[in-house]
Amino acid sequence: MSIAFKPEETFRGDYSYRNSDAAILRFPFPFPEDKYMYSVNIEPHVRSGPSDVFIRPFDVDEHYIAECRDRAITLERDPGRCQVLPHMMLAQWDTLELLMENLSADYPEHFSLTKEGDDFGSRWTWTNRPLGIEQSFIFGDAATLPCEPFEYITRQAQGDFAICDQRDDNLYMDAGMVTSQADWSLEFDVGMSFMEWHGPVPLAHQTGVFERALKYLLMLRLGQPVRRLNWTMTINPRLDTSPESFPEWGTDRASVTPDNAGSKVHLRVELQTLWRLPRSNAILFPIRCYLASLDDLARVPKWGARLHRVLSSLPPQLVEYKGLTRYLPAALAWLSRHDDGAELPIGTEAGVDTLT
Amino acid sequence: MLHSDIKSRPTYRALEPDLAAAGHLLVIEAATLQPGGLAGLADAFAPVVANLHTWLVGEALAAPGLGKPWHLPAVADVVDALACATRGYGIGDRLYVQGTEPFLWSVATAAAIVGFGPGQLQLCHAGSLQRRVWCTHCHGVTEQVTTNVVPCAGCGRHLLVRDHFSRRLGAFMGVMVDAEAPGEIPAIEEVFA
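Protein chains in written order, with the numbering used here: chain A, 1 to 356; chain B, 357 to 549.
Possibly wrong hints are sitting among the right ones.
Listing some non-contacts, in silico: residues in chain B with all C-beta distances to chain A over 10 Å [said to hold, decoys possible]:
#, residue
1, Glu372
2, Gly379
3, Ala416
4, Leu417
5, Ala432
6, Thr492
7, Glu499
8, Ala549
Calculated from the model, a selection of chain B residues having no Cβ within reach of chain A, i.e. all distances over 12 Å [what the hints assert, rightly or not]:
#, residue
9, Pro366
10, Asp374
11, Gly393
12, Val404
13, Asn407
14, Gly471
15, Pro474
16, Pro507
17, Cys511
18, Met529
19, Ala537
20, Ala543
Straight-line C-alpha distance at most 20 Å; calculated EDC-like pairs for lysine to aspartate or glutamate [unchecked claim]:
#, chain 1, residue 1, chain 2, residue 2
21, A, Lys302, A, Asp339
22, A, Lys322, A, Asp252
23, A, Lys322, B, Asp534
24, A, Lys35, A, Asp340
25, A, Lys115, A, Glu134
26, A, Lys35, A, Glu343
27, A, Lys302, A, Glu343
28, A, Lys322, B, Asp361
29, A, Lys322, B, Asp374
30, A, Lys215, A, Glu43
31, A, Lys322, B, Asp519
32, A, Lys302, A, Asp52
Quick caveat, the hints were computed from the structure, so don't treat them as lab data. Glycine residues also receive a C-beta, built at the ideal position from the N, C-alpha and C atoms.
Chain B on its own, in the form it takes in the complex:
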């Protein structure tokens, strides 16, 4: 499910520090970490640890080898912190984000607003395949979707969750599944666990 024939579907890869960059900001969704995950990141980022800031979101884990991590309770706090960052980020800085897709794109969208260009950003998917779904009819957003068809949190219509993805909205498209034949709803299956 991380790959699709639909070309708007983003692809992700393991984080790898850009050795030529000035500053490095690493943002991790703690709940998605596998055992040994932090140690692996510490190995990868060891060459740049002197200029590394790590933000751990959620559980306050110890993170040896990743500098002095800053703990934030939720992704909303990352968005706030980026929006009012007192330290300005420049073209030489890099942002690395690891977590579920809704997490990645919440951070990416907030980072774009404060001036991070696509070339300064690395995204690595980890944890659940759950999706944020945007309703084409009411434009409402339904979070934490793990099924092929989901009732819209905005208008209640049953939405078929497509692979078409908008980076601006950080969400997959949902289209009313029974618009042609009202009531004909296919079996609902968990496909983005």
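Same shape as in the complex, but just chain A:
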């Protein structure tokens, strides 16, 4: 399948990022009901679902080239956004193999991988046409790549990536490529256990969500990845909403009015998938980020109305934790114009084929 990339769009400065109509229709809208609360919403990551983004295990879309460029800009400014603890080299190669194999199989027009063998020591050739990269290297020999394997392949992928090492019946975040995060710091969190890095999340610990999720993930099997959606809101289509750069984007939250909320306020949805890695027994945790403005979402009548209801009934602790406090009233005022109060069908599907 051919993708019409938009290489010039930006996620900072003039924020020229826009979704095509097709991108809006395939947006992974996360709210099946009018209310939201944390749950262990993990399901098998199969090649189907209510949105096209689920059809391929590693979704590539029209924003691919621009997102890779934005990542390179962030890494240039702050190389610490990619960190790998020394014992994670095997997991780095596992990640490179998983991404190269899936991308080349699912997008043969854009990526190809030629292997002289499957094992360490084999010569591999990787071609990434959208980014104009051709690289021949020895699988298992980091010196034959321009940088370490995890950084190499995740610079060529959309979304953030963490690798969790499994030991002592726990998961430890021992590697990450994190340039489009919803306000968490890899530098602070690297090396933390599962409960520690989820420490600040309100309400969910008390209901046992994390104990159950951890128990489930420790049993994750090779070849049977799982997924969940998570979400927050972001002002302007900005990928780098890190705590490191909070002084740059914090004031954006004070810039929202009921008139500009439609273009300023974005729903940020993370498609989080979890993959057992074959050699290291670690878990790869890709966090693929999708952004849509309220303007975009309201063009699907069901989504505009539902988002209004979810945000109106959000527990105050979640409003605070997700950083919505300052601009939520303006966003709700804008969204209320798109909610007639009529009952909405359960489910996340758009329910339309064309946008209004």
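Given chain A, put chain B in place with the hints provided.
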């Protein structure tokens, strides 16, 4: 303030020697000792005193019943001593640390480097609740923080001191308190005295 809903916040408990262990190293921040504190520790560690080494950091107090204590001037000397310990520590040894949180985690971090696993380590909080604060913006560290909001020693921004804690850094997270509305700084109060 020693308990928090935030699960990364460590919890501490009174030191209790592991009777099955081979060797015992007890590291105490002297300035945090209450009257009778050393006697209490001597009682607790009496069953293992034959294999006990005590390091007293700061004031050179007499420590009857705790073996022949070694006096070190500052926590930096503990870190150095652990880093170049001539006697190797093994899996059967236990490390017990008592003091303020920055002290505990300076020692814990140095001990981890020479091979002490989490199961070999006991930490007991004593003395001030002061915190080491790590700035999420410049990654600088501000020591001896006792207030809810503190100017960063690295970049000068006013940081809100959170309960989120990194064992690797031995520090609490600090986040610019007026990033959304520059100049809007809440009343600064002493909360970690």
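Tested hints:
Interface exclusion of glutamate 372 of chain B from chain A stands, the closest Cβ pair being 22 Å apart, more than 10 Å. At roughly 23 Å from the closest C-beta of chain A, the C-beta of glycine 379 of chain B stays outside 10 Å, upholding its exclusion from the interface. At roughly 36 Å from the closest C-beta of chain A, the C-beta of alanine 416 of chain B stays outside 10 Å, upholding its exclusion from the interface. With a cut of 10 Å on Cβ distances, leucine 417 of chain B stays outside the contact zone with chain A, its closest approach being about 35 Å.
The claim that alanine 432 of chain B is not at the interface with chain A holds, since no C-beta of that chain comes within 10 Å of its own (minimum 23 Å). A Cβ of chain A approaches the Cβ of threonine 492 of chain B within 10 Å, the least distance being about 4 Å, so the stated non-interface status is violated. Look at glutamate 499 of chain B: its CB is around 17 Å from the nearest CB on chain A, clear of 10 Å, so calling it non-interface holds up. Under the 10 Å C-beta cut-off, the non-interface status given to alanine 549 of chain B relative to chain A holds; the minimum distance is some 24 Å.
Here proline 366 of chain B does not stay apart from chain A, with its beta-carbon only about 9 Å from theirs, under the 12 Å limit. Residue placement check: aspartate 374 of chain B keeps its beta carbon more than 12 Å from all beta carbons of chain A (closest about 18 Å). With a least CB separation of 30 Å from chain A, glycine 393 of chain B remains clear of the 12 Å interface cut-off, as annotated. Non-interface call for valine 404 of chain B relative to chain A: holds, since the shortest CB-CB distance, roughly 26 Å, exceeds 12 Å.
Listed as outside the interface, asparagine 407 of chain B is consistent with that label: its C-beta sits roughly 27 Å from the nearest C-beta of chain A, beyond the 12 Å cut-off. Glycine 471 of chain B, annotated as away from the interface, keeps every beta carbon of chain A farther than 12 Å; the closest lies near 14 Å. Distance check on proline 474 of chain B: its Cβ comes as close as 8 Å (rounded) to a Cβ of chain A, failing to clear the 12 Å threshold; non-interface status is violated. For proline 507 of chain B, the shortest C-beta to C-beta distance to chain A comes to about 14 Å, beyond the 12 Å cut-off, and the non-interface label holds.
Residue placement check: cysteine 511 of chain B does not keep its beta carbon more than 12 Å from all beta carbons of chain A (closest about 9 Å). Chain A draws methionine 529 of chain B into its interface by the beta-carbon criterion, the shortest separation being 6 Å against a cut-off of 12 Å. With 12 Å as the threshold on Cβ separation, the claim that alanine 537 of chain B sits away from chain A is violated: the shortest Cβ distance comes to roughly 6 Å. No Cβ of chain A approaches the Cβ of alanine 543 of chain B within 12 Å, the least distance being about 19 Å, so the stated non-interface status holds.
Straight-line distance between C-alpha atoms of lysine 302 of chain A and aspartate 339 of chain A comes to about 9 Å, which keeps the hinted pair within the 20 Å bound. Restraint check: the Cα-Cα separation between lysine 322 of chain A and aspartate 252 of chain A comes to about 15 Å, which is no more than 20 Å; the hinted pair holds. Annotation: proposed proximity of lysine 322 of chain A to aspartate 534 of chain B holds, straight-line Cα distance about 17 Å (limit 20 Å). Our distance criterion of 20 Å between C-alpha atoms is met by lysine 35 of chain A and aspartate 340 of chain A, whose separation comes to about 17 Å.
About 14 Å separates the Cα atoms of lysine 115 of chain A and glutamate 134 of chain A, which keeps this hinted pair within 20 Å; it holds. The hinted pair formed by lysine 35 of chain A and glutamate 343 of chain A meets the criterion: a straight-line CA distance of about 13 Å does not exceed 20 Å. Note on lysine 302 of chain A and glutamate 343 of chain A: the hinted pairing holds, with a Cα-Cα distance of about 10 Å set against a maximum of 20 Å. Of the pairs offered as hints, the one joining lysine 322 of chain A and aspartate 361 of chain B holds, with about 17 Å between alpha carbons and a cut-off of 20 Å not exceeded.
Note on lysine 322 of chain A and aspartate 374 of chain B: the hinted pairing is violated, with a Cα-Cα distance of about 44 Å set against a maximum of 20 Å. For the given pair, lysine 215 of chain A sits about 14 Å from glutamate 43 of chain A by alpha-carbon distance, which is consistent with the 20 Å threshold. A hinted pair counts as satisfied when its Cα atoms are at most 20 Å apart, and lysine 322 of chain A with aspartate 519 of chain B qualifies at roughly 17 Å. With a CA separation close to 18 Å, the supplied pair lysine 302 of chain A and aspartate 52 of chain A stays within the 20 Å bound.
Of the numbered hints listed earlier, those contradicted by the structure are 6, 9, 15, 17, 18, 19, 29.
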